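Let's have the full structure, built from the sequences with the hints guiding it.
Protein chains: 2
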Amino acid sequence: MTNRILGVLGGMGPLASAQFMLRLTLLTPAETDQEHIPAVLWSDPRIPDRGRARQGGPDPLSALMAGIDGLRAAGCGAIAIPCNTAHGWYDRMAERTGLPILHIVDAAAAQLALVAPSGIIGVMGTAATLEMRLYQDRLEARGWQVITPDEREMAELVSPAILAVKSNRVAAAYAPLAEMAQRLAARGAKAVVLGCTEIPLGLQAGPSHTLGVLLIDTIDALALASIAWAKPALGIIKLESTAA
Amino acid sequence: MTNRILGVLGGMGPLASAQFMLRLTLLTPAETDQEHIPAVLWSDPRIPDRGRARQGGPDPLSALMAGIDGLRAAGCGAIAIPCNTAHGWYDRMAERTGLPILHIVDAAAAQLALVAPSGIIGVMGTAATLEMRLYQDRLEARGWQVITPDEREMAELVSPAILAVKSNRVAAAYAPLAEMAQRLAARGAKAVVLGCTEIPLGLQAGPSHTLGVLLIDTIDALALASIAWAKPALGIIKLESTAA
Numbered sequence: 015m016t017n018r019i020l021g022v023l024g025g026m027g028p029l030a031s032a033q034f035m036l037r038l039t040l041l042t043p044a045e046t047d048q049e050h051i052p053a054v055l056w057s058d059p060r061i062p063d064r065g066r067a068r069q070g071g072p073d074p075l076s077a078l079m080a081g082i083d084g085l086r087a088a089g090c091g092a093i094a095i096p097c098n099t100a101h102g103w104y105d106r107m108a109e110r111t112g113l114p115i116l117h118i119v120d121a122a123a124a125q126l127a128l129v130a131p132s133g134i135i136g137v138m139g140t141a142a143t144l145e146m147r148l149y150q151d152r153l154e155a156r157g158w159q160v161i162t163p164d165e166r167e168m169a170e171l172v173s174p175a176i177l178a179v180k181s182n183r184v185a186a187a188y189a190p191l192a193e194m195a196q197r198l199a200a201r202g203a204k205a206v207v208l209g210c211t212e213i214p215l216g217l218q219a220g221p222s223h224t225l226g227v228l229l230i231d232t233i234d235a236l237a238l239a240s241i242a243w244a245k246p247a248l249g250i251i252k253l254e255s256t257a258a
Numbered sequence: 015m016t017n018r019i020l021g022v023l024g025g026m027g028p029l030a031s032a033q034f035m036l037r038l039t040l041l042t043p044a045e046t047d048q049e050h051i052p053a054v055l056w057s058d059p060r061i062p063d064r065g066r067a068r069q070g071g072p073d074p075l076s077a078l079m080a081g082i083d084g085l086r087a088a089g090c091g092a093i094a095i096p097c098n099t100a101h102g103w104y105d106r107m108a109e110r111t112g113l114p115i116l117h118i119v120d121a122a123a124a125q126l127a128l129v130a131p132s133g134i135i136g137v138m139g140t141a142a143t144l145e146m147r148l149y150q151d152r153l154e155a156r157g158w159q160v161i162t163p164d165e166r167e168m169a170e171l172v173s174p175a176i177l178a179v180k181s182n183r184v185a186a187a188y189a190p191l192a193e194m195a196q197r198l199a200a201r202g203a204k205a206v207v208l209g210c211t212e213i214p215l216g217l218q219a220g221p222s223h224t225l226g227v228l229l230i231d232t233i234d235a236l237a238l239a240s241i242a243w244a245k246p247a248l249g250i251i252k253l254e255s256t257a258a
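Protein sequences, first through last, are from chains R and V.
Anchor point for the first sequence: position 138 equals 152 in the numbering used here, and the numbering is continuous, going up by one each time.
Anchor point for the second sequence: position 24 equals 38 in the numbering used here, and the numbering is continuous, going up by one each time.
These aren't lab readings, by the way, just hints derived from the structure by calculation.
Mixed in with the good hints, there may be bad ones.
All copies of an identical chain are treated as equivalent in the list; a pair is satisfied when it fits inside any one copy or across any two copies.
Unchecked claim - In the SDA-like style, the derived pairs of lysine to any residue whose C-alpha atoms are separated by at most 25 Å in a straight line are: (1) Lys245 to Ser173; (2) Lys245 to Arg197; (3) Lys245 to Ser181; (4) Lys204 to Asp105; (5) Lys245 to Gly89; (6) Lys245 to Gly84; (7) Lys245 to Arg183; (8) Lys245 to Arg86; (9) Lys245 to Arg60.
Fair warning: this is a prediction, and the values are worked out from it, not measured in the lab.
Take a look at the structure:
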């Protein structure tokens, strides 16, 4: 039994954070309820849209901090945020809270290191995540070469698919996401990071093995990092840059 | 957008409450994140086992109340508990908190009324749920005739399947649960209530339509009742005995 309580700042979108809770449970080695990880999910879908904030919309920082403060008040010892784009506010959140925040890009990098330790890596994500270079800077600093969809591919394939998942139309999201993953593989990517937590939800609406390229699901990566934090004795993985 | 925040007292088991969050999201009519229901999930798998409490084990009431108090502090306006057995403590919880608690049996009854408004109904659940007559008393008071597995069926089929789900072995749970649902149908049940939130998780590991009997998933029923509470304008369902 662990007494470390995980705080999950979610609702961005709510399907992704629910899926995170499911994967956190399924990936935890446990025989009874009591061996699972105590967690509080703060699912606030009202948090202002992260992409729109970058285009002059309302800033999400105060809503993000309200969630982190609520999770802290509930006794949580670390924060996981199953939304890649929200990590554009990582430094400001980390600066304002004393709690460790498990960085989703570090979590993805830890999984990448196991299956594709060097070379070209494809990254799919929201336009905001790619523009903020959340993946490019952190992965290139560790020696990977990062390729991403071009502007037209974002507009025609990735962005509409992410919106489809956010409106519960997961089946409609599969084909464009599958097409994009295959294009990145054709350009040399040894693995493709699904760097928006809506993307694995769309891809799981169809067969993913047929894509013929390794996919790094950032929901799973963050769940594994969370399990490693809550149950350090398991020794599953170690994030490079996140204190715990 | 709704400003009603749903409190979900979960972790009993954690897979069931994660699935509840997923179904709450998928069943909510929404086009954007911001139209979904704000919710806080208190997933505390350390809450003492409800079945074992009835056999002299530690009582879960104080852990249940700690969760409800935490959800109240987080600003939640009603509580949903995706664990049928925990409803054996419903009266004591309701008495101690001022918040409305959406009763899972009422939620199941609201769905039953739509598809099998009278006659014989099968109910599967934990031994504790059946012994406490959580379903029998409430459904019989409304005119249904309730049949349940016998002691041997509980020991050989239902109880081991529930334990399998709690240890993440959902595939192993399918066959015994499917067998039990079919036996209840053969005895005249027009519908079978899956009155333990682990049961739908086991049954979804295989095809459920082949069972040839209507199944009432209490995770879905409680999610629908929660949506009705959070978004009363939708007019989805009305629970008979729960104030909101």
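Right, here's what the structure says about each hint:
1. For a Cα distance limit of 25 Å, the shortest separation of lysine 245 from serine 173 qualifies neither inside one copy, at 36 Å, nor across copies, at 29 Å.
2. Taking identical chains as interchangeable, the C-alpha atoms of lysine 245 and arginine 197 are never at most 25 Å apart, the minima being 38 Å within one chain and 42 Å between chains.
3. With identical chains, the CA atoms of lysine 245 and serine 181 are at most 25 Å apart between copies only, with a shortest distance of 17 Å across copies and 35 Å within one.
4. Within a single copy, lysine 204 and aspartate 105 get their C-alpha atoms no closer than 30 Å, and across copies no closer than 57 Å, so neither meets the 25 Å cut-off.
5. In the homo-oligomer, the alpha carbons of lysine 245 and glycine 89 lie at most 25 Å apart inside one protomer (17 Å), although the nearest pairing across protomers, at 30 Å, exceeds that limit.
6. Taking identical chains as interchangeable, the C-alpha atoms of lysine 245 and glycine 84 lie at most 25 Å apart whether they share a chain (23 Å) or sit on different chains (23 Å).
7. For the identical chains of this complex, lysine 245 and arginine 183 are inter-copy neighbours only, at 21 Å across copies versus 35 Å inside a copy, given an alpha-carbon limit of 25 Å.
8. For a Cα distance limit of 25 Å, the shortest separation of lysine 245 from arginine 86 inside one copy, 19 Å, qualifies, whereas the shortest one across copies, 28 Å, does not.
9. Proximity of lysine 245 to arginine 60 under the C-alpha cut-off of 25 Å is restricted to the inter-copy arrangement: shortest distance 14 Å between copies versus 32 Å within a copy.
Violation of the numbered hints given earlier is confined to hints 1, 2, 4; the remaining hints are satisfied by the structure.
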